[in-house]
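Chains as they are written, first to last, in the working numbering: chain A, 467 to 783; chain B, 467 to 783.
Since the hints were made in silico from the structure, they are not lab data.
Be a bit skeptical, because a hint or two may be false.
[To be verified] Where chain B lies over chain A, by a calculated footprint (3+ residues, C-beta under 8 Å):
1. 575 to 587
2. 661 to 669
[As the list claims (entries may be wrong)] When the alpha-carbon atoms are kept at most 16 Å apart in a straight line, the in silico EDC-like pairs for lysine to aspartate or glutamate are as follows:
3. Lys610/A with Glu608/B
4. Lys746/B with Glu601/B
5. Lys610/B with Asp605/A
[To be verified] Computed beta-carbon distance windows for the label pairs:
6. Lys510/B with Glu636/A: 58 to 68 Å
7. Asp512/A with Gly634/B: 55 to 65 Å
8. Ala492/B with Ser714/A: 37 to 47 Å
9. Glu608/A with Gly634/B: 23 to 33 Å
10. Asp697/B with Ser738/A: 32 to 42 Å
11. Pro538/B with Asp512/A: 50 to 60 Å
12. His735/B with Glu636/A: 25 to 35 Å
13. Asp503/A with His607/B: 16 to 26 Å
14. Pro502/B with His668/A: 55 to 65 Å
15. Glu608/A with Arg755/B: 18 to 28 Å
16. Gln632/A with Arg527/B: 33 to 43 Å
17. Glu636/A with Arg527/B: 38 to 48 Å
Ideal Cβ placement from N, Cα and C applies to all residues, glycine included.
There are 2 protein chains.
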Amino acid sequence: MRILVTGGLGTVGRGLVGELRSRGHAVVSLDLAHQPDEVGFTLKPDVTDPMYARCDVGQFRQLERVFQVMGPFEYVYHCAAEFGRWNGEDFYETLWQSNAIGTKNLIRLQERLGFRLVHFSSSEVYGDWPGIMVEPVMDEHEIKQLNDYAMTKWVNEMQIRNSALQFGTESVVVRLFNTYGPGEHYSPYRSVNCRFLYCALHGHPWTVFRGHSRTSTYLADTVRTVANISDNFKPGETYNIGGRDLHSIEELSELILQVTGADPALVEHRESEILTTRDKVVDVSKSVRDLDHRNSYSLEEGLRLTADWMRKVYGKA
Amino acid sequence: MRILVTGGLGTVGRGLVGELRSRGHAVVSLDLAHQPDEVGFTLKPDVTDPMYARCDVGQFRQLERVFQVMGPFEYVYHCAAEFGRWNGEDFYETLWQSNAIGTKNLIRLQERLGFRLVHFSSSEVYGDWPGIMVEPVMDEHEIKQLNDYAMTKWVNEMQIRNSALQFGTESVVVRLFNTYGPGEHYSPYRSVNCRFLYCALHGHPWTVFRGHSRTSTYLADTVRTVANISDNFKPGETYNIGGRDLHSIEELSELILQVTGADPALVEHRESEILTTRDKVVDVSKSVRDLDHRNSYSLEEGLRLTADWMRKVYGKA
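Extracted from the complex, chain A is given alone in its bound form (with noise of 0.2 Å):
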């Protein structure tokens, strides 16, 4: 099949062009940044058969090109946005343009072409629910959205709503969950996981706020299960893609000092973060069942092999 990744230079959606290309899929992907491989729209690439285009979803002219010249595309597979929360907050002109705009773009050309879309979604659109996150929680009670990054995740899953009830366009959400791996780069921004990992190997404190728990999911994990989707494809579904084991963000921290040999004194710890979920307790079974989600990778053991890729990129080794 012929597939469209957006956000194709992101931690997930590198993964899952690589995961879509290991088998067997034409896969063109999409991000924000020049590439060797990038296709020339007025000149002439010196690569030949360039799979990746240069492109912001937030520019309609941008993406609806890159539909023109590369596609069609039987699915497309909606990774690009703005991440995380506190990013989302100092960034949020961005943000909003790219996740809010930029996915509504994406829906136009859908409404028009007739592609299937999954679109990432994130756990943070469950807001401060207390209880098990399960799929249908969203739409039984009311959420409230803790910060804009959240917003803008759940203003696309309604978005998304809203076309397939009017247009009957044919598209599934999966909210993913704390996913981490190699192939996550470092910003202050990033996953915990990222953070902690990145500062223990080059020597940074940080800061654990108690109280707080969550599951990780391990990247090859996330990946393989999404791109089984078109196996199964349940147009108007919801997926959690999450981690097996609730784990406290103290436990995540040491860990990170086993598997990294860091100094212990580098771990400042503090009290519970404001605006900030709890705890994440989530239920996967809907995503074992249709799309064979499987945890295959303790923390323990996705931590090491997320440490030795860091090691790796960052000169550490």
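Please arrange chain B on chain A, whose structure you already have, making use of the hints.
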């Protein structure tokens, strides 16, 4: 007091500027267009003491400059927004830029400068709620937002609440219900009252969807109530500002035929519209109690006055 009204050239904004000035306040307004009484930022204006600034609230630099050059303000009435459901679907880039990013820009300035904010929300945030629309519905029930316009309005309310929680900003939200009256210039994206009146006066056919009911609020009543907020400012409160009498869209259309003497053959009836709330039954007891909200005009009176104004504006006298 020194007050800023964003969207001061809009239907509600213009009415509010007049009301606040008649009460003796120093009112600065801003909007997208150039105006005779606008301030010059790098040039010297010809008018003495200009009280208008050209500004797109979606552009932080322009908004910040208004506060620097024309502030400080004790109150900001935030009327600037892309308005309306179909307008939001057809111009969604502008919608998200002005409403989500623009309001966040204003909140960031509020966190820095400490003014009190009165934010204009919409009855659209009640989505598909089938019961009486009383303010706390949103805190207790999951509401399906039916369109991007409604989403932006709900996003704004959450942005404001999160800022109050995190930074202690002081804001009041008003949810307007189908406000109409002299000052609402016609476009096909305006309120149903405005559209039908314009069509009736110009001999254009119009379509009445059966089975929807609304209240209508006469603009002069809305702006008086909203201007009262500074007399009894309760941070964190949300108020419905709506009309008294529920009427079907068929009844509204009949009244407009009476008031204008238009040909009944202009009216076409159709079945219920998709993704549109069927009935909006509003409870306004809270704004009556706290803000002395009054509905001083019957629907027929209000339509008559609006028709008189429209005849003058469009040369149909």
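Subject >> Violated constraints from the hint list, given by number and in increasing order >> reply: Per hint list: 1, 2, 8 and 13 violated.
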